[in-house]
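These protein sequence lines are chains A and B, in that order. In terms of the numbering used here, the numbers along the first sequence are unbroken and rise by one, the last being 379. In terms of the numbering used here, the numbers along the second sequence are unbroken and rise by one, the last being 130.
Note that these hints are calculated values from the structure, not bench results. If you're wondering where the values come from, they're calculated on a predicted model, not measured in any experiment. For every residue, glycine included, the Cβ atom is placed at its ideal position computed from N, Cα and C. Fair warning: there could be bad hints in the mix.
[Said to hold, decoys possible] Label pairs and their calculated CB-CB ranges: (1) A/Pro68 - B/Val64: 26 to 34 Å; (2) B/Glu48 - A/Asp124: 25 to 33 Å; (3) B/Val64 - A/Lys71: 49 to 57 Å.
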Amino acid sequence: MVAHVSRNWGGPWSAVLASKLRLWQKKRGNRRTGSPIVARVGETVFFAALFLLSATILVAAITFRLLPSLKPRTWTQGQSFWLLVFALGSLAILSATRLIYRLLVHRTSAERRKALARRASELDPRADRGPALRDYPTIPQNANLVNSPGITLAYRLPIASSPIVRTWISAVAAMILSGLTAVVAVVVYQQFQQEGSISWLMLLLVLPMLVATIWCVKDFFYCLVLFNSVGPTQVEVSDLPLIPGQRYAVFLSQAGQVNVVALTMKLVCQEEVTYREGTDVRTERREVAERTVLECRDFTIKAGIPFEYQAEFFLPDEAMHSFKAPNNAIRWQLVVTGKYRKWPPTQRVFPLIVIPLMGQVNTPDSGESAGKGGFTWNP
Amino acid sequence: MEPLISIQLFDHLPAYRPGQILKCDYQIDAVEAGSLQAVEASVLWYTEGKGDQDMGVHYFERRVAADVEDGDLRVLRSFRTPLPNSPLSYAGQLLYIHWCVRVRIFFRQGKEACFDHPFRLGNLTLRGRR
Numbered sequence: 001m002v003a004h005v006s007r008n009w010g011g012p013w014s015a016v017l018a019s020k021l022r023l024w025q026k027k028r029g030n031r032r033t034g035s036p037i038v039a040r041v042g043e044t045v046f047f048a049a050l051f052l053l054s055a056t057i058l059v060a061a062i063t064f065r066l067l068p069s070l071k072p073r074t075w076t077q078g079q080s081f082w083l084l085v086f087a088l089g090s091l092a093i094l095s096a097t098r099l100i101y102r103l104l105v106h107r108t109s110a111e112r113r114k115a116l117a118r119r120a121s122e123l124d125p126r127a128d129r130g131p132a133l134r135d136y137p138t139i140p141q142n143a144n145l146v147n148s149p150g151i152t153l154a155y156r157l158p159i160a161s162s163p164i165v166r167t168w169i170s171a172v173a174a175m176i177l178s179g180l181t182a183v184v185a186v187v188v189y190q191q192f193q194q195e196g197s198i199s200w201l202m203l204l205l206v207l208p209m210l211v212a213t214i215w216c217v218k219d220f221f222y223c224l225v226l227f228n229s230v231g232p233t234q235v236e237v238s239d240l241p242l243i244p245g246q247r248y249a250v251f252l253s254q255a256g257q258v259n260v261v262a263l264t265m266k267l268v269c270q271e272e273v274t275y276r277e278g279t280d281v282r283t284e285r286r287e288v289a290e291r292t293v294l295e296c297r298d299f300t301i302k303a304g305i306p307f308e309y310q311a312e313f314f315l316p317d318e319a320m321h322s323f324k325a326p327n328n329a330i331r332w333q334l335v336v337t338g339k340y341r342k343w344p345p346t347q348r349v350f351p352l353i354v355i356p357l358m359g360q361v362n363t364p365d366s367g368e369s370a371g372k373g374g375f376t377w378n379p
Numbered sequence: 001m002e003p004l005i006s007i008q009l010f011d012h013l014p015a016y017r018p019g020q021i022l023k024c025d026y027q028i029d030a031v032e033a034g035s036l037q038a039v040e041a042s043v044l045w046y047t048e049g050k051g052d053q054d055m056g057v058h059y060f061e062r063r064v065a066a067d068v069e070d071g072d073l074r075v076l077r078s079f080r081t082p083l084p085n086s087p088l089s090y091a092g093q094l095l096y097i098h099w100c101v102r103v104r105i106f107f108r109q110g111k112e113a114c115f116d117h118p119f120r121l122g123n124l125t126l127r128g129r130r
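Chain A on its own, in the form it takes in the complex:
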């Protein structure tokens, strides 16, 4: 039996013991440099004062409305009684909610809150957990991936961003902008007919709208023609969820009527992180692993005869599983990229779920000693 003891000799006191009170503090996402005790007390006092103030005025306003004889001479109230009640009521509810939350979490650690939240979610009968992934916390469910059987292989994968949706969005944007531009153009024309001149302000408004409308309409027709020419892409896999160390068959079907320069399918692992910078929420994605599954060059797809190709890929033992948390994610996906002779390139993404390899053995070389970088796959 191997045991290891850690002791916090002169160890890390939590930030509660911050020695100095700082007037100016830095804020980095959720992390602040100031004293959490001062922050908690300040927040509690602020919301308590806000609640007391709003509740007192609200009660006074309602009492004086119901019992005018009690109303002091100094109390004046306009016609907007219900607006006052609405505003003060909202303020009282908001501050009371925040005050109760603050009191409930007083001296409650983040771990305890998380444990309570987890227990509550486990008791929630509405929480739908797929049977396959019930034992795999933080791995997204694969219900949407396995509900569509394939023709050649077991499962047909859904597309992450459908070209049909893109075409629809483009069509709606083009219609809305065209309508707005038409209305403004009519107003300008009527002004020109009545006054014989056009104001510069209206002209400055209508010209950018006209340019944006032309761009949107062009984009819509571009999407429409591209969709009809390149056609839908279908991807099927032999099994789901994927397990490291296994070999899988994949089937690609590409319809359309187009001369293809290169059609490539890659297995990609992508990290996605979300972070806050001030009031901005930013998301960054990075491909950390990639393997070419198939690559075909210089061929023609004819109408009614889709291009079909079956290949195999191997998921290495050391591949990380899929992971999904509120601010961080690891995604596996099959990315189909097409380059065409007359059309711009297309990229279609098909998500996958990878679960960890069970019964992983302890190996002496695993651990923190492994260095950074050095991707271990061979394409």
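With chain A fixed as given, assemble chain B onto it according to the hints.
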């Protein structure tokens, strides 16, 4: 004087396997017997990297003085828990996933102190290529 929190893990090197039983002992020293209000021990994962931090608690126990026979929360305490299948420890480019046993102590006068003992779950060595 600062408190001394000792955490002992068994069979955790080089890494735990998913489903393996984690056995942990912990003890608090260098504090007076009646000064502790509560002690929390948890087995948790958390993310580190460019994104905001996520955390998940796999095992949690909270003990107050009333839970212990003579009210002394400093004495050696053991717990065991089977580890989950995921998430495995991971070192990527934008994102790291760490596992640890965390012991947090609450003093009667309002102060807190905590200490983490990291460990690895799974033996992934795959890293980013850039």
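Hints, verified against the model:
1. A/Pro68 - B/Val64: 26 to 34 Å: violated, 54 Å
2. B/Glu48 - A/Asp124: 25 to 33 Å: holds, 29 Å
3. B/Val64 - A/Lys71: 49 to 57 Å: Hint holds: Cβ distance 52 Å, inside 49 to 57 Å.
Hint 1 from the earlier list is the only one contradicted by this structure; the remaining hints agree with it.
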